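Participant: Model the full structure from these sequences, guided by the hints.
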Amino acid sequence: MGFGAHRQFSLVDRRLKRRTLTTFSATCTAVSLGLLLAGLAYYLSYRNQLPAPLARLGISPHVLPLGSGPDVSLGSLPSFVHVAAFSLLTCALFRPSLLLALAAGAAWATLNVLWELSCANHQAWLRLAYLQAGVATPPPRCTYDTWDLAAAVAGAAAAPLLSLCFVGIRFRRAR
Amino acid sequence: MTLRRTAQSIGLGGVFALGVLAMLGSNGTPETPKAAEVQIPSPSGWEDVPAAATGSFTVLPFTTSVPMVRVKFAAPAVSLMVTAQDDSPGSPVVTIAEVATGPSMPTGYVVDSMDTNPSPPRWQITIKLPATFSTSTVSR
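If you're matching them up, the sequences are chains A and B in order. Here the first sequence is numbered in our numbering, starting from 1 and rising by one per residue. Here the second sequence is numbered in our numbering, starting from 1 and rising by one per residue.
Hints should not be assumed to be uniformly reliable.
To be verified - Label-pair distances were calculated between CB atoms; the ranges are:
1) B:P43 to A:A55: 41 to 51 Å
2) B:S44 to A:V63: 43 to 53 Å
3) A:A124 to B:S113: 20 to 30 Å
4) B:L18 to A:V63: 21 to 31 Å
5) A:L33 to B:S104: 52 to 62 Å
6) A:A106 to B:E47: 47 to 57 Å
7) B:P43 to A:L114: 46 to 56 Å
8) B:T132 to A:A106: 43 to 53 Å
9) B:R122 to A:V135: 36 to 46 Å
Said to hold, decoys possible - If you only want the chain B side, here are some residues facing chain A, beta carbon under 10 Å, derived:
10) A7
11) F16
12) S26
Stated by the list, open to error - Listed next, the stretches of chain A that the computed footprint assigns to chain B, with coverage defined by at least 3 CB atoms under 8 Å from CB atoms of chain B:
13) 51 to 62
14) 78 to 92
15) 104 to 113
Treat the hints as calculated values from the structure; they're not laboratory data. These figures come from a predicted structure and were not determined experimentally. Quick reminder that beta carbons are idealized off the backbone N, C-alpha and C, glycines included.
Facilitator: Right under this line is the structure:
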């Protein structure tokens with residue numbers, strides 16, 4: 001009798017864990033897709049020059065009528081969106097874990113900050129790296145902005161915050 | 001390695017590749033400055049350079065010994081990238097760095113002012129070109 005009750009309990013517990021895991025993955029994916037769509041809307045609304053992949057598709061600047069000109073205050077939004085969305089997508093592959101979320105956020109923020117720093121000082125780092133690698137073609141031009149660094153670091157908080165919610169829910173259910 | 005671990009590894013690789021490509025693709029080309037006005041030094045002060053039909057400005061050869069250009073333009077960028085190149089065959093693109101202003105300004109550019117009231121902001125910069133530009137007789 002006791003054995004049966006235990007098995008029933010562990011079955012319910014396993015289902016609960018699986019449901020939490022599925023909900024967590026779905027939430028992470030949905031939030032990251034929402035963020036990426038917001039980033040795309042920003043590019044299509046405010047940027048005078050679209051990123052090369054969008055320009056190659058023949059999309060013209062300001063195709064979305066959300067804004068007529070580039071908004072300086074929103075300039076760092078893509079950096080925030082990139083780190084937040086991709087750290088959430090990384091977390092969506094695993095079970096909710098605060099440690100993993102912190103690691104994913106830190107990894108994507110570091111990658112973004114390094115890329116941003118490579119654009120500083122007229123791409124001095126990038127040019128040096130190209131020279132060391134023996135590549136004669138100069139790197140594609142990019143801009144450096146200190147606010148992008150801050151936005152990337154802020155974006156790293158998204159995954160830990162969402163994970164914290166789910167870890168909290170799982171902890172309350174377990175009790 | 002279980003099926004789940006394999007799927008996770010493939011997914012992780014995919015997310016990483018997608019993220020890196022998105023980062024490289026999105027941090028694209030800088031905004032092109034608009035509504036540019038160019039001035040060059042003359043014995044009587046700064047003199048306006050008329051724009052050609054193509055929108056370019058011819059400043060070479062300089063009338064003074066110092067190869068300097070003052071440029072006013074509209075650009076939303078918070079950092080500038082200034083390059084210079086004359087039309088001599090095979091002449092390289094020279095990157096002009098930002099320098100401190102002063103009586104003996106070195107080769108480089110100085111941001112004289114940036115008015116953030118209009119959108120995009122209106123800039124005025126003074127560029128001191130490398131000495132080779134003053135002797136060049138090729139116009140650009």
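Participant: Hint compliance check: list the failing hint numbers for this structure, sorted ascending.
Facilitator: Checked against the structure, no hint fails, so every one of them is satisfied.
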